[in-house]
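Those protein sequence lines, which keep their order, are chains B and L.
FYI, the numbering for the first sequence is 1 to 425, going by our numbering.
FYI, the numbering for the second sequence is 1 to 425, going by our numbering.
Hint data in this document are derived by calculation from the structure and do not stem from the laboratory.
Since copy identity is lost for identical chains, a pair holds within one copy or between any two.
For lysine to aspartate or glutamate, the following EDC-like pairs were computed, each having C-alpha atoms within a straight-line distance of at most 16 Å: (1) K207 - E169; (2) K336 - E294; (3) K85 - E228; (4) K242 - D270; (5) K421 - E169; (6) K207 - D172; (7) K85 - D358; (8) K66 - D48; (9) K421 - D172; (10) K421 - D112; (11) K85 - E49.
As the structure is a prediction and not an experimental result, all values here were calculated from the model.
2 protein chains.
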Amino acid sequence: MRVLASEITGYKNKRVELAGWVHRIRSLGKISFVILRDRSGTAQLVLDEKPEFTHESVISVQGIVKENEKAPDGVELQVDGESLKVLSAANPELPIPVNQDPKELSLDAVLDNRIISLRIPRIRQIFTLQSAILKYFAQHMRSEGFTEIKTSKLIGTGTEGGTGLFPVEYFDTRVYLAQSPQFYKQALVASGMERVFEIGPAYRAEKHDTPRHLNEYVSLDVEMAFIESEHDLIDLEQRILKSIFQGVKEDCAKELEAWQASVPEPEEVDSVPRITHDEAKEIIGKLQGRRVFEINPEGERVICDWAKKEHGVDAVFVTGFPRKKRPFYTFPSGNKTMSFDLLFRGLEITTGGRRINDYGMLLETLPRFGLTEEGLSDYCQIFKYGCPPHGGFAIGLERLTQQILGLSNVKEASLFPRDRKRVRP
Amino acid sequence: MRVLASEITGYKNKRVELAGWVHRIRSLGKISFVILRDRSGTAQLVLDEKPEFTHESVISVQGIVKENEKAPDGVELQVDGESLKVLSAANPELPIPVNQDPKELSLDAVLDNRIISLRIPRIRQIFTLQSAILKYFAQHMRSEGFTEIKTSKLIGTGTEGGTGLFPVEYFDTRVYLAQSPQFYKQALVASGMERVFEIGPAYRAEKHDTPRHLNEYVSLDVEMAFIESEHDLIDLEQRILKSIFQGVKEDCAKELEAWQASVPEPEEVDSVPRITHDEAKEIIGKLQGRRVFEINPEGERVICDWAKKEHGVDAVFVTGFPRKKRPFYTFPSGNKTMSFDLLFRGLEITTGGRRINDYGMLLETLPRFGLTEEGLSDYCQIFKYGCPPHGGFAIGLERLTQQILGLSNVKEASLFPRDRKRVRP
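Chain B extracted, bound-state conformation (with noise of 0.2 Å):
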């Protein structure tokens, strides 16, 4: 029976399997250490010979499980010969090394060789705890009484205004890649099931190439019934981001320290001041003693280190923006919308706000945004039988998880990033 790397201090003494990649390689003499790799860590593998497997062989051992206070854990596996498969020889020449720190190595090498990099441990760890934020993204959601939902993502049009969609042939037409589940959120909000949450992919074909952009991303998207305002939805993600937090710091203690990295605790959590966009600029433009137009990717970096000055958080909620900085379906007030932007560690991770949920005041609002009720008609039709007040936002998962890890990449915290050269692997 095959027990993991993490779980042989608990067998002192006794025989065992292991099963895993070949991490390490060190010869002495008569003796081989070799570490072992598998899901859960590693473990130090002691062998009287010296070992006919390369570096990333996939292999399994049998033997008895000692302590050696030098061994990393303490314990070592006194590997019998006999009972060692090779299941897998890698090739010896690998295109980029697994067992070193990745510091050493490019974004470009990283992402070129991404089914190798993904090998290497502390790589692999952005993806565990990505794992984990989907994890408790969606169990508060249910906690709270949402609706998990799975929406098309080809649209016949984009409910954002049509520019920055990647066209597909769809048999005889022609269709778009969604980039965000607004419309059918929305739909399905009215449809009654008032509160709803879905992850899914969302595309952007937008000429991006920066740090904090991907033309493929997953969107944690959120949508609610019967809000007053944005602060209802701030509220909302505040208890979402605690669940979060919370959770991660539970089940990533290992990958947390890799990275050198925390999370937020619930009370600073509750303490991320919300300010207006006018506020913001002014804040901005004091500390840059200049005066500010639009709150910059710089921006975002000097308010967040003025709120953690002031307010002992890296993170802040602004809010209403004016009009015209936000999408047609945006909840005016006065000439600013009820919306909101997080910004956590320095950068952009949300964006939402209350909708038009008024049919007259959308049909009003149309033109002013260069929209026609006819172009726009499967989302008018949502409004015309009854929409109840509502809103939603959606968090970015690889930014969560980039501004989570530190990562000076969101692209480090995609799997398999997409964006205007990269389409493989």
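Given the coordinates of chain B, work out where chain L should sit on it, guided by the hints.
Coordinates of chain L only, in the frame set by chain B:
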């Protein structure tokens, strides 16, 4: 403070607020009875006046909860007329009725008017149950140490051979929508994750128009290392299905009742027979009184009926498919393969098997399927550097939903189905 319709039995003689959609209006002289619908169900309101709102309008009301044995749940809300607010007025001309039995509606009427048909409680319940499937699937996978992955849906070429793909215009190049995460889940197993699962969209550019096909569906994908044969995978799928069925039974009693449906008990799942493809053809042949060359949809129903009679469960695992009936990456066993299908209540809902993990065996196999290493270079790299024995399978979310509820067409189990002619809403 708003309470839900399903909660008012706990507030007898107390004042509460309800909010939701006007499901039904019945006026008797000076008194009117209104059925209000929210995400939890419905509640009866009693008004002292003739309502001025229309069906499907969204309203909020306050009043005292009173016992009335004639009311649907033995309680009703005596509405304080002053408190009534119409939050969103619905156009009285509904394209389809919401408060009638959807059996009267054709499938086209339901899908053409999807935005409205999802308001019909019995239709919405399909997706409440689907959300529970998603919950228990993920929960089970995590309980066995699987990592949740999110892989790209934009691929350079298909691992399945290249036909049946939707092309995407991706900047200056052309990519395709992924038919499955096959390549990626194998790569991640080989990376050392060992056990992965993914919930994501999958695309098939096939011109089918049948009650069992969708061009876009949600695939519940599983891949696991260190297996011996397809039987390890079948064991795993049985454990997963038991978790899903038990979870659905607990969470969705109301939904199952509305559809007069039930889920198999754990002992039934355990007793699903495993028969070879040859045996299945023989059994179908005997029952149909003619020689059978292929298991077609009618054959799938016949063999499930047989299992019901012989094994007390309406499902069969078919194993040992011939090599030419399975994809190139399937692990051979003589001129058969270590692969399986699960037929559930007369429909194939899973395909899986052990995969080739030996680089040499793969290179030998490719030409038999008209493929080359150059054409599949990213894929082949997985096996060059050590890949454990592994395998996996995929469950179609919509088909599983369809078969649990006994829906006559799989499109009913997709929120926004895509078929050859349907790309909206």
